[in-house]
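A.B. asks: Take a look at the letters that make up each chain.
There are 6 protein chains.
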Amino acid sequence: MAHTASISQLQTPPWALVNGDLVPYTDVRIHVGAEALTRALSVFEGMKGYWDSAGEVFAIRSPRRHYDRLCRSASLFHIPIRFSYDEFLAGLATLAGELLVPEKDLWFRPTLFVTQGHWGEATVADLVVTAFSQQKHDPDPMRLGVTTWRRATDVVLPTRVKSSANYVGARLARIEVRRLGYDDAIMLNDAGRVAEATGACVLIAQRGRIATPPTSESCLDSITVDVLEVVAKDLGVPFDRRPIERTELLAADECGLAGTISELTLVSEVDGASYEQSGLLAQLRQRYLELMRGDLALPGVDLVPLVDGSRQPVPAGAGVRVG
Amino acid sequence: MAHTASISQLQTPPWALVNGDLVPYTDVRIHVGAEALTRALSVFEGMKGYWDSAGEVFAIRSPRRHYDRLCRSASLFHIPIRFSYDEFLAGLATLAGELLVPEKDLWFRPTLFVTQGHWGEATVADLVVTAFSQQKHDPDPMRLGVTTWRRATDVVLPTRVKSSANYVGARLARIEVRRLGYDDAIMLNDAGRVAEATGACVLIAQRGRIATPPTSESCLDSITVDVLEVVAKDLGVPFDRRPIERTELLAADECGLAGTISELTLVSEVDGASYEQSGLLAQLRQRYLELMRGDLALPGVDLVPLVDGSRQPVPAGAGVRVG
Amino acid sequence: MAHTASISQLQTPPWALVNGDLVPYTDVRIHVGAEALTRALSVFEGMKGYWDSAGEVFAIRSPRRHYDRLCRSASLFHIPIRFSYDEFLAGLATLAGELLVPEKDLWFRPTLFVTQGHWGEATVADLVVTAFSQQKHDPDPMRLGVTTWRRATDVVLPTRVKSSANYVGARLARIEVRRLGYDDAIMLNDAGRVAEATGACVLIAQRGRIATPPTSESCLDSITVDVLEVVAKDLGVPFDRRPIERTELLAADECGLAGTISELTLVSEVDGASYEQSGLLAQLRQRYLELMRGDLALPGVDLVPLVDGSRQPVPAGAGVRVG
Amino acid sequence: MAHTASISQLQTPPWALVNGDLVPYTDVRIHVGAEALTRALSVFEGMKGYWDSAGEVFAIRSPRRHYDRLCRSASLFHIPIRFSYDEFLAGLATLAGELLVPEKDLWFRPTLFVTQGHWGEATVADLVVTAFSQQKHDPDPMRLGVTTWRRATDVVLPTRVKSSANYVGARLARIEVRRLGYDDAIMLNDAGRVAEATGACVLIAQRGRIATPPTSESCLDSITVDVLEVVAKDLGVPFDRRPIERTELLAADECGLAGTISELTLVSEVDGASYEQSGLLAQLRQRYLELMRGDLALPGVDLVPLVDGSRQPVPAGAGVRVG
Amino acid sequence: MAHTASISQLQTPPWALVNGDLVPYTDVRIHVGAEALTRALSVFEGMKGYWDSAGEVFAIRSPRRHYDRLCRSASLFHIPIRFSYDEFLAGLATLAGELLVPEKDLWFRPTLFVTQGHWGEATVADLVVTAFSQQKHDPDPMRLGVTTWRRATDVVLPTRVKSSANYVGARLARIEVRRLGYDDAIMLNDAGRVAEATGACVLIAQRGRIATPPTSESCLDSITVDVLEVVAKDLGVPFDRRPIERTELLAADECGLAGTISELTLVSEVDGASYEQSGLLAQLRQRYLELMRGDLALPGVDLVPLVDGSRQPVPAGAGVRVG
Amino acid sequence: MAHTASISQLQTPPWALVNGDLVPYTDVRIHVGAEALTRALSVFEGMKGYWDSAGEVFAIRSPRRHYDRLCRSASLFHIPIRFSYDEFLAGLATLAGELLVPEKDLWFRPTLFVTQGHWGEATVADLVVTAFSQQKHDPDPMRLGVTTWRRATDVVLPTRVKSSANYVGARLARIEVRRLGYDDAIMLNDAGRVAEATGACVLIAQRGRIATPPTSESCLDSITVDVLEVVAKDLGVPFDRRPIERTELLAADECGLAGTISELTLVSEVDGASYEQSGLLAQLRQRYLELMRGDLALPGVDLVPLVDGSRQPVPAGAGVRVG
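Protein sequence lines, in the order shown, are assigned to chains A, B, C, D, E and F.
Start counting the first sequence at 1; every next residue gets the next number (my numbering).
Start counting the second sequence at 1001; every next residue gets the next number (my numbering).
Start counting the third sequence at 2001; every next residue gets the next number (my numbering).
Start counting the fourth sequence at 3001; every next residue gets the next number (my numbering).
Start counting the fifth sequence at 4001; every next residue gets the next number (my numbering).
Start counting the sixth sequence at 5001; every next residue gets the next number (my numbering).
Just to be clear, a hint being listed does not mean it is correct.
[Said to hold, decoys possible] Computed cross-link-like contacts, DSSO-like style, restricted to lysine-lysine with a CA-CA straight-line distance of at most 30 Å:
1. Lys5048/F with Lys5136/F
2. Lys136/A with Lys104/A
3. Lys1233/B with Lys4233/E
4. Lys4136/E with Lys4233/E
5. Lys3233/D with Lys3136/D
6. Lys233/A with Lys3233/D
7. Lys2233/C with Lys4233/E
8. Lys233/A with Lys5233/F
9. Lys2136/C with Lys2048/C
10. Lys5048/F with Lys5104/F
11. Lys3048/D with Lys3104/D
12. Lys1233/B with Lys2048/C
13. Lys3048/D with Lys3136/D
14. Lys5048/F with Lys5233/F
15. Lys5233/F with Lys3233/D
Bear in mind the hints are in silico, worked out from the structure with no lab data behind them.
Here chain A stands alone, though its shape is the one from the complex (with noise of 0.2 Å):
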């Protein structure tokens, strides 16, 4: 029997992973003694995989620079791997192969729960994956504003580092702005100049380039962004890393927010400036997405199939979707 175990997640999905096994999701739970909780030492991915346009393969993005990213976030937080890339797929697959059904795409939520020791020492980390299904539709324009909570600073608390540490700014930016009408916050950094949304990077677009803050900015180093940029430099369009100011944002041609699970989505205000929708960023979107559903291909972006369309794992290597 368990306590204090109402689930918010707006999704309650059959199954979830536990260290590579199917347990049910709503018996997934942290003692309160772990350091998950007590210091909040969790560190996560947020993954995703698309069926693509004929229905037949799923397929995820980038798992490597995924799994990569999550034991580079375990490291620098002190958090011991110990599982491999190959158990580490093998699992999203038995999990999409539970959860998936034909006219959604999945999210992937890996994350790393530390569950025993303490400061440092004898730490064991659970490694737990939930997963939730997706809309295909485009999600509409957001509005955004700009929040008076600041982004942490590298010795800080570092955003290279996906942890769950890192939202308690974002939920208290994201309330505040909300209070205004608004869908999500533009978080400043240390100096303040723009270093990302709460969940997602930011881009713009000025005069036929397209720009986005490098990772010395206090923004994640983002793998979506890392795509863009590939599919960008396949448009044909400049795509800049720099410092962006607050006002150079608002009054940017264009604006977007990129992440796993924001793709591409474009902005129609930041503090009340408000930014064209049918630019090259609603360009780079397009592509972007035909790109996950498989109907481009460029050079190093992989799309790793899963499973098929009966929800079989796909075996591994066969029909990496890489350009």
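Start from chain A and add chains B, C, D, E and F according to the hints.
C.D. replies: Structure of chains B, C, D, E and F alone, referenced to chain A:
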């Protein structure tokens, strides 16, 4: 049945309190989908109760201040509180009645875990109180090192709020300095001045005065420091709240750490600089313990009896030790 | 004939004072080539005069301090002053004689506009005094929000100098928070701590003490705050000048705004956090108004009579209400 | 009749343009109650028109860019724009027709002065265009000094917005360094790196490359610098946008100031360090002037004819000099 | 025979003291391979001795404080000390016996030069004491300018440590302002507030109070300032340690520089702003000199006799002038 | 006879060069009154000469760049230079002729010590060149730790200037991390990002690209890094100059230190994070050494022969190895 469940606390008490009910300690778990885990949303207090010298009354220090600070932490994080001060105190008495042993004091950790809601909407938090026995003997002086990791500023992650997220950096700091053989780390703030140790405030003594940084230097708004200020003033020792630089810390005559659990623990060394062990701070520590044991009473410092020597609840308001 | 001339003040008094002469208010205009417009070069004071309770004497608060501060602002901006304190005071009396009505107080805005010279060479400034009636009734408590726009540091644009240029950021701030339904904005300084509201200083009360940031936190060197400190000390309430963090503001018991025009206006809310309305600050406000109405006198606070009940000038030095 | 009216511009042209109408220059005045004066609310552009070498066409450089930037400045300050690009350009032509003389070029200063409204409500701005003759001969190299006054960051007072308020600090800076005998000041930004001169951007040349700070270093988003980049690339000279430290500036081979009015003016000295006068920047300056005089055309740089040699308007779109 | 040997001190006294031995001044040289030269590793004190009014006793001010500070500087730089306080004092007496003349006071510069060891290993430092005669007459008031060069923060180069390296920036500052005709420079700290002059602390007086920045503002932990605080309190003048902004300095009533060698030197001007010359600071200076001459004694300020009027050593402990 | 004279260098070569003259190394001493000691006023270069593979020519790398940088350092510190490039080079050849042995390379340390003058007036500096033999074999990979001590910003103590004063902090840093068993320290800059090691620049490799911080991140304007960039580009490896965060450093694939004396030394560990030893940087190191040994030539990298195999001077301009 629960997973990822190993309990990492060094003690495993039989009971904890969940929303006012006694629950077997090992059953107190949080679902992985709760914001307590996905967004590190929990706030807590550390409270300490003391047996008086005669072992006849077990009283808790400044519970109203702790309750108020817990409410303030919750409020700043937009977490609703669902219990009154009297309910809070009664819960502590219940738990003390179960867990107390005559020869040891008790440290309580009331924590609000966000178990329902998303991004500030429909937020529900459960109050879990755990408690652990504490030896009465004096701790050894501590050896500390300054860490490269910095405390967050107030607009990033407020130190004023006792939150699990603040411990991500604290753990990085402690791991770093423990490789040097130190017991704990001194964290500097954004401006490079002394903020606090990973879980306690820093006091120095120099030329007859005691000093500690104000909360605007990114340290906790410490109840223990406030009590120590009362004690110091009673002793006729000036007690200053002002910014302290790292080299001032290294060059001070004496150094100590103050917190509910540290009480006032003397520091023998920071970064190789050593400190006097029998000066003002040792005297202050002595008086503080007399106060906690009921051998001294001072205005503005209250100890509220929870149970008597036979672990029966003391009626509310009876025998509060206030100077 | 004049162009670009619509008058934006809500009141249109018949007269203003230009270099000591009464001039029809609507005729007081500055050429677009003047540095007052091309380089935002003007410094000003906001001064308030009060009828005493009996309606027999209209006296102005601390005029010498205002004159000195105006001279200091001018000096720091390399603007020469061409009038003495006595001439200044006589001008206020002249204008008061024209504009006063029995049932209302009067707020003066003496402004030095740079009308000749370039880049500090051959600078000439004209002194324009405008004045507007003020209701005597109490204002409603204010609702405030913290803005993303920050106050300048001293080496960028000194807050110590009351200059029109400081209001560019203040207006951005107020526009931002008014979209949230707030009345005014709290501006943070460069370090992310509380600076001031857009046109008034911030006071908090907590556990029996009043605190306000010192001028080194990027707030005005406020004459009203100095007067309030005198009043607080007379009431036996400790009054601290120290840095205040944003979350300390949110967690305080009481909050108020202080300035010549705000007097001491209670704040009911900042960012959703609400404040007590009948505590120390309400008491302080009450005493302040008694002082202004001549029902109380305190050392160090002077009210200099300008005109009597029939709006005739009061002889210099007669009946100054100093404690 | 007008007061406080002495005109401080060194030239007194007969006419200015107010909301599209020709008005005697000396009559263009702003009421002291307008936010243009009380809150320093005006935004402006500096634009330059050039006679071609033959003296047959007077064309203005990049007017669309200037119009867009003026709109952007206005938008960021919540000032509504009430005129189209065509109306804007027609106004410049009208004024040029009145003021042009054959032997001199013309510099325009279109300014939006906020004349009605308060704190962002009911804001109305009037467009005043003044214009002043410019000698064609080369300026002397400039001697500069680094000032103690710093440029504001974007969240304090955005440099991206051409606003009168930015000139308060610029004037303090220039007054400071002029006491040293310098012509103008280099302002550092918040981080202590080179921002810009008081009214122009800074370029350096070193080992065959030209560099200038990006706008995120608190300098204007300069149209002239963009044109110079086009010219430099046409010359095959690498042109970098990157942070520049003060000692890098002092140690550079060459230094120049770029702006509409400065064009590219060579600098002979900063803080006693001297620069080469006949290197890359001299060459760049030469080509820039050829471009302005119509002796060179480059893609991305447009000069739009306003009037012909007899000062008659040129039909829209006729003879635009774009490369 | 020695090279690169020209002696740059303005005075060339016959003797210096090297590790306790009298050595001809011109022979005291450091090998170029020593860390004193390759890594700027030396720490020093400036100490001053005074003849009493009668010319009968030559006493040194606060030698224990200076010895302790020298030890602290050395300790913070990991330089071992090889002499006791008594040896230190005896050395000063020996040197005073050789160099004193009746009509002049003496300023000592004990310096620890690191002459052996590398990077903190096997470090050996030699104590060299030089001493120079000082006129007794009053210095002229000083004219100061604020410099663009900033004082280091504590984690960069601690101002608390009196080290030759701090003078690299001080010299750049002084060179800069001397081109303006100023005598010395005011250095701002990292936050842009007043730190100190190039070799002395800054005091201001305003409205009856004296203020000086605390050491956390990047100024020396000055013994002279501590003595002046004792004197001010004896005079009944409030003496505040708090951050001071640059414009507060410019707007103050009085300004002075405090240091062992400056004593309390009045400042007549900073950046063109002028100061009163006969106010609180003049009075403070007067009392300070009386104290140094033995015409006044105050608790907490000790003057330790070194030699008598015939330059014979005074027995230790004899005739210490403590209040 | 000289005092305080122990020589701390690990090698004691027979000769050094003082203002062009050979002088016994042990005689090269600086008087304690010189600004080189009292104000840490010296600037230096580290230069390296290599025997070619055949042992027939000893050539020095990029001497012109070093001479220019020395002049620039001197100029920024207002130290006059009294020798030409040819005199400088001739001096190095003289010293090489005396000190070279066939089996070892030679590292030169030309240093300008300020020996006369005060505070920038009448400054005279002596040029002392010392030189030390260097083993040819490969160094072991280094283990590094991040230090709490920070590099100065440009307005405090410019890293661009190679000055002894920069080594005060470097030594504190190295002492700190050596207690952890590390070989050297990584210093962060004011913004908390990677600046440099205590005496070398930091390179990382990640996903096929090499990156190093630009000089605006508070690292030396390194000649070796410029050479390595040439080598990398010749190898077809992208070479980026951009800010690098501490966690990016920890998470990189490879890490190396670059400097004249380090050449390109591989790093095996920073703060416990380990790096690949046979990737891009190992390849880069290999090519760099080939270049230095004359087995490779690349445009923009020059090696200037100083002496031949019999240690006779090579005529100027003969056999410069430039690509």
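A.B. asks: With reference to the structure, classify each hint as holding or not holding.
C.D. replies: Hints versus structure:
Between Lys5048/F and Lys5136/F, the direct Cα distance comes to roughly 12 Å. Compliance with the 30 Å bound is thereby established for this hinted pair. With a C-alpha separation of about 6 Å, the suggested pairing of Lys136/A with Lys104/A holds against the 30 Å cut-off. The straight-line distance between the Cα atoms of Lys1233/B and Lys4233/E is roughly 21 Å, inside the 30 Å bound, and the hint therefore holds. For the proposed pair Lys4136/E and Lys4233/E, the alpha carbon gap of about 25 Å is at most 30 Å, so the pair holds.
With a CA separation close to 25 Å, the supplied pair Lys3233/D and Lys3136/D stays within the 30 Å bound. This hinted pair checks out: Lys233/A and Lys3233/D have alpha carbons roughly 21 Å apart, not beyond 30 Å. At most 30 Å may separate the alpha-carbon atoms for a hinted pair to count; Lys2233/C and Lys4233/E meet this at roughly 21 Å. Using a Cα cut-off of 30 Å, the hinted pair Lys233/A and Lys5233/F holds, with the two alpha carbons roughly 21 Å apart.
Distance check on the hinted pair: Lys2136/C and Lys2048/C sit about 12 Å apart at the alpha-carbon level, within 30 Å; holds. For the given pair, Lys5048/F sits about 11 Å from Lys5104/F by alpha-carbon distance, which is consistent with the 30 Å threshold. Between the alpha carbons of Lys3048/D and Lys3104/D the distance comes to roughly 11 Å, so the proposed pair stays at or under 30 Å and holds. For the suggested pair Lys1233/B and Lys2048/C, the alpha carbons sit about 43 Å apart, so the restraint of at most 30 Å is broken.
Restraint check for Lys3048/D and Lys3136/D: the C-alpha separation of about 12 Å stays at or below 30 Å, so the hint holds. Under the criterion of a C-alpha separation no larger than 30 Å, the hint pairing Lys5048/F with Lys5233/F is consistent with the structure, at around 23 Å. This hinted pair checks out: Lys5233/F and Lys3233/D have alpha carbons roughly 21 Å apart, not beyond 30 Å.
In this structure, the one hint that does not hold is number 12.
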